[in-house]
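*Asks:* Residue strings, one per chain:
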Amino acid sequence: MLRTHAPSLDETFDIAVIGAGVVGCAVARRFALAGAKVIVIEKGSDILSGASKANSAILHTGFDAPQGSLELELIKAGRAEYLAIRDSLSLPLVTTGALVCAWNEAEARKLDAILAQGRENGIAELRALSGAQARATMPGLSERLVAAIEVAGEHVIDPWSAPLAYLTQAVALGARLLREAEILAGTFDGEWTLATTAGEVRAHAVVNAAGLYGDVVDQRLGFAPEFEIRPRKGQFVVLDKAAFAHVPRIVLPVPTEITKGVVVCPTAFGNVLVGPTAEEQQDRTRTTVETSELEALLKRGAEIVPALAGMPVTAVYAGLRPATESKAYRVFSRPARRAITLGGIRSTGLSAALGLAQHAERLHAGFGHAFTAPGPAPEVTLPNLAETRERDWQRPEHGEIVCHCELVTKREIEAAFESAVPPGDFGGLRRRTRAGMGRCQGFYCNARLAEMTRGRLSTPLAADDGDEA
Amino acid sequence: MSDAMADVIIVGGGPSGVAAAIELRARGVGHVVLLDREPELGGATRHCAHSPFGMREFGRVYLGAAYGRRLEAEAARAGVDVRTRHSVVRFEDGRHEDGRLDVTSPRGIETLSARRILIATGARETPRSARLISGDRPIGIVTTGTLQSYVAFHGLMPFRRPVIVGSELVSLSAILTCLTHGARPVAMVEPGPHPLAGQPFSWFPALAGIPFHRGAELVDIRGTSRVENVTLRLRDGTVQDIACDGVLLTGRFMPESALFRQSDIGVDAGSTGPAIDQDGRSLDPRIFASGNLLRAVETGGWAFREGRAVGRAIAEDLARDADAGAPIPVTFDAPVKLVVPSLLRRDANATPAFRDFQLRMLRRARGRLSLELDGREVWAAERTWMPERRILVPLPPAAVEAGTVHFRFRETA
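Note that the protein sequences, when read in sequence, are chains F and S.
Per full-length UniProt numbering, the very first residue in the first sequence carries number 1; after that it's consecutive.
Per full-length UniProt numbering, the very first residue in the second sequence carries number 1; after that it's consecutive.
No incorrect hints appear here.
Restricting the straight-line Cα-Cα distance to at most 20 Å, the calculated cross-link-like pairs of lysine to any residue (SDA-like) are:
1. F/410 to S/108
2. F/410 to S/37
3. F/410 to S/84
4. F/299 to S/269
5. F/410 to S/89
6. F/410 to S/154
7. F/410 to S/105
8. F/410 to S/40
9. F/299 to S/132
10. S/337 to F/312
11. F/327 to F/64
Simulated from the structure, these hints should not be mistaken for lab results.
Take the sequences, apply the hints, and build the full model.
*Replies:* What follows is the structure, given as structure tokens:
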């Protein structure tokens, strides 16, 4: 039902992108813009179903990235491209700035080094502030604040619409998306033949952007293991929109050796996020939340911004970061076999994705395989979900408010299903429309959504609809 | 002279909002607008298939949508300007003489104004997220209200073999919904030592052959796309895995108070609904509230009577058109959870809408509950108080004259 983009076997693609996370979507766009015939191969029933579905939605500057690292270079390049293209893709930018907050003298002593590193990383607009100065820019912060560094360029974006826009633009240029297609094996005989659970795909070159399965896919393509994914789980709590007024800025902790620590930040959708935890685990699929960790996050959030105490919880979630044995990005290029691996994109993937795509294009340029002449970049307009811009419910003829908490209209839900990259599962519909994402979590709209989505999702909301007897 | 669009706008077409609208019209208030975001009136009664509604107010019993239709007929007969599919987005800020609401409907957005506004948006159950329950987040975890909406509006079921969490009255209604629609609950779990619903209702799970675990907790949910099984920690500390295809979270109602929470008015820390005075006035004297928005959760009949009383109070307030004075708070000791009304105004209406204080306890507690006005005891009772049960204390006329109004609780061993 979902495999509407089934490839014909006699077609050979220029580029096969493995994984439709934020990195894969950005890579697909970059090569499609360059004139390549692209196919994106995704194991899940929808895009963004791995690491990319759960992050803190921050567009980083790279102020705290390792000096001279590829990660720093690509965060800066990715951020610059996002800022350059976001208007043409109608993507939001919530200009919050960030405060790196020291809550005791020991942490305050580390701020100088953070400031020096940020300046060496070439990040402008860094300011050292006293606790009082920082609180003047964000009065909701606890009086316990000792000192802070302001990073004016850190912003909040919509973490799901951005990659969807990248892929939508690629699809408008002829790229194909193959879902529910797990890579089983790959052989190279001058061209790649990829065996997937949804059939065979032939391509001149492959880009492995498989995130949590980056190491597994490398091995299935026949490469010696260069790295090992060690999933790191992060749990988050999303607080009610009433919290938004208290958190106008991103509040970052002073990182320790072990973890970057708990962030408190606004979201583009008008909520407040508290998280993540950092928990190493073996399992690459289970993203469980745990009562004790969620309670600890709520407590920590209220210590940082006291007005958050008692604020209702809207949502809880957990995601896995594709960490490896090293902090560095694990990027490998194998010109002889025309393969690129973008691995270990740990926690800065959203910021660096467009930069990683540029990097992959540069690496591919050395492979000696040219694309047809690129056409003009197609215009892509995604529905706006951010509270900072006009939403569909503010316009007439929206049909009906389906999700009352997030004011999602019937017109928006129908548009998602009729779009170039329609949702494959309920999570995908939620990410595209925000239906069911609000404070009641579907108390009012879940049944209506079950009715509206009958026969359209891989796992139906209602029992007995499709996949079960 | 006010240039407001209406005399009164009521937000929410459940029993409380409709009762207020009818009462306002009966008392000669000219233009009464009733907004509801759904296509039909009735509020939560529309999907409550097993609860009889209407005996006290209409002298006969209605089930589900039939009660909503009766409300619709009564509102039409009373000349209420009913506008369905209208969602109120926010109270408009600013110091207007009138109350103003930003509203979206299929026509788009508009701002509606009225001399008084009544919010009657009811209550809903606490979702899985806000309960902070551990585990995966697959499809098939819903509340009773959602289950009943599946059945009542769409003829669908979200699962066939759910585990039911909770033992309030609504939990028993949930069992009935399951059994009458081809679903077989595999277990029922109550974290407390006793079912929250009183006898004889609490015998029902056993009669229906559903294993009932008291003092047990849902500690894990597993499933990749749909719920596959759950883990319970039983009263004796052992854990048990149960195969199922859904989790039904029942009860733990909370006021649907987002409009207040997102405004300067805010909510009461105890009830999490808006703080109101003895006439139903909130901290903003142009805005009133009634029904289950005030405290979760009472019956439809209770909400109807409350709406009628606040409707009468609004009519009187419009006629008086005088400042009701600064509110004083009604305070209380733990383990009292909430008190309604939680404000008193000295220069309010001659006859209050609320003749009793309503209290609820956070937990089961044995002790002496007393009401003190300016430190002087005017009422007391000693017994074992149960959680989530209604406690009524007569609101003495002298209370509105007092400087401090406090509910004291002395726990006994």
